[in-house]
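Student: Chains as they are written, first to last, in numbering that gives the first Met the number 0: chain A, 0 to 200; chain B, 0 to 258.
Keep in mind that the hints were calculated from the coordinates and are not lab data.
Beta carbons are placed, not taken as given, at the ideal position from N, Cα and C, and that holds for glycine.
Accuracy of the hints is not assured; some may be wrong.
Claimed, not checked - Reference listing, derived: stretches of chain B covered by chain A, where coverage requires no fewer than 3 residues with Cβ under 8 Å from a Cβ of chain A: (1) 104-116; (2) 236-242.
Said to hold, decoys possible - Lysine to any residue pairs mimicking SDA-like chemistry, simulated, CA-CA at most 25 Å apart: (3) B:249 to A:31; (4) B:29 to A:6; (5) B:18 to A:21; (6) B:18 to A:194; (7) A:85 to B:88.
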Amino acid sequence: MSFISRGFRGRRQQTGEAGRLPPGQYLVDGFPVLSAGPTPRTPLDSWTFAITGEVDSEKHWTWEEFKRLPAETVTKDIHCVTKWSKFDTGWAGVSLDVLLAGVETAAEYALAFSDGGYTTNLPLADLMDGKAWVAYEYEGQPLEPEHGGPARLLVPHLYFWKSAKWVRGIELRKEDEPGFWESNGYHNYGDPWREQRYWGD
Amino acid sequence: MGRLTLTPRNLAISRGALKWQLARVVEIAKQTQRVSSLLLDVPAWPGHQAGQHLDVRLTAEDGYQAQRSYSIASAPGGGHVEMTVEVIADGEVSPYLVGEVVVGDRFEVRGPIGGFFVWDPDAATQPLLLIGAGSGVVPLMAMLRSRRERGSRVPARLLYSSRSFEDIIFREELESIAAAKDGVEVRHTLTRAQPLGWSGYARRIDRAMLEEVCWPPGEGAGVYVCGPTSFVEVAAQALVDIGYPPPSIKTERFGPTGG
Chain A
0 MSFISRGFRG RRQQTGEAGR LPPGQYLVDG FPVLSAGPTP RTPLDSWTFA
50 ITGEVDSEKH WTWEEFKRLP AETVTKDIHC VTKWSKFDTG WAGVSLDVLL
100 AGVETAAEYA LAFSDGGYTT NLPLADLMDG KAWVAYEYEG QPLEPEHGGP
150 ARLLVPHLYF WKSAKWVRGI ELRKEDEPGF WESNGYHNYG DPWREQRYWG
200 D
Chain B
0 MGRLTLTPRN LAISRGALKW QLARVVEIAK QTQRVSSLLL DVPAWPGHQA
50 GQHLDVRLTA EDGYQAQRSY SIASAPGGGH VEMTVEVIAD GEVSPYLVGE
100 VVVGDRFEVR GPIGGFFVWD PDAATQPLLL IGAGSGVVPL MAMLRSRRER
150 GSRVPARLLY SSRSFEDIIF REELESIAAA KDGVEVRHTL TRAQPLGWSG
200 YARRIDRAML EEVCWPPGEG AGVYVCGPTS FVEVAAQALV DIGYPPPSIK
250 TERFGPTGG
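Same shape as in the complex, but just chain A:
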């Protein structure tokens, strides 16, 4: 049992939140922004997306090619390690299943890389089977730069830092390599339901 904080009552969860809010999270209406540096701005005509690393042949798409790939719209709850969660966020983008289709690889890990130098690592399995997208629309509008536009990774079953903003590709790897926040004190996997926020959680 935790120490009782004298006089603290808190704000109880609303009906409907129970079971949807991971431990230690609270619900917000807004869409807070977190990032470690200035917002990169890449012109669409020089934007590409790539699958690289442990692959027989790399795959590359220009923006125009990428926008012609089959897209999905998904509605997901998202959970930030800084403790806010947001329910029913609406996205449009390309499933990683589409991007990885036909890729021959022995890799078990993935390292997403972004404009600005950001990286984040995750098991390749967490990008597959309908669990991850490269999203370019949020609530029906082009994704704004401060939220990761023109395109960001969307991996809603992990803490949201895994959903790399300004993503430009996925490097497939045989060995796991910690990404940016994973090298700076944050958990290597980041499952919100097991509250894997920091090293050692």
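For this one, chain A is given, so just place chain B on it according to the hints.
Tutor: Only chain B this time, still in chain A's reference frame:
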């Protein structure tokens, strides 16, 4: 595409688990109408670096819990950990910490957290440029205090945006830091109201202001920007436009929510 160098020269971070532990409030210092500093005695505090934060967990009698993160204002070497909290209207945790907590109360904390938005006075050789708004000054204050504590003489500049004179957090301490004339310059801008005879800036931070206050990009300053998202977006973009290399600019943002 350049990658950031991910080697944290961060000896204070251990790879061990961050365990919850009880902190006792030993002193409360009201900073402004909406901001208070809580000095905490944390017996097993592992030490921290300037710029890091800690997590607070409150538990109600029926077991309901709430967690939030707060920046650490104190320099690493002090005996107590100072967390500085701004009351968020409609917040859940901050009104309790600022309005309800009294000296002697205890609550759970864990930390330190974050290995990127940190500044190490013993390793720093380049000028230190700090751009803050509102309670975004808190981790920047930890950097200035740590510079003083370690006797660092790297030049430092703080550009600090507040709504009004009364909203300036750490005002007197910032005055005394600047008055020491050991390499720290402090410039204020007041965005909503200015006292009679105010000689500082009186508008939101913009490119022209940054060009006046900041060193030229060639000086190689390390930049730390902290405040609300809209402020950080404007300041960081203006610094890039002025010519600061993006990897030299570290940002930390406070969302519109928080509480």
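Student: Could you run down the list of hints and mark each one as holding or not?
Tutor: Cross-check of the supplied hints:
Residues of the region 104-116 of chain B lying with their CB closer than 8 Å to a CB of chain A number 9, which satisfies the three-residue condition for coverage. Counting residues of the region 236-242 of chain B whose CB falls under 8 Å from any CB of chain A gives 3; the rule of at least 3 is met. For the hint linking residue 249 (chain B) to residue 31 (chain A), the alpha-carbon distance of about 18 Å falls within 25 Å, and the restraint holds. Distance hint between residue 29 (chain B) and residue 6 (chain A) is fulfilled; the C-alpha atoms sit about 20 Å from each other, no more than 25 Å.
For the given pair, residue 18 (chain B) sits about 19 Å from residue 21 (chain A) by alpha-carbon distance, which is consistent with the 25 Å threshold. Restraint check for residue 18 (chain B) and residue 194 (chain A): the C-alpha separation of about 13 Å stays at or below 25 Å, so the hint holds. Note on residue 85 (chain A) and residue 88 (chain B): the hinted pairing holds, with a Cα-Cα distance of about 19 Å set against a maximum of 25 Å.
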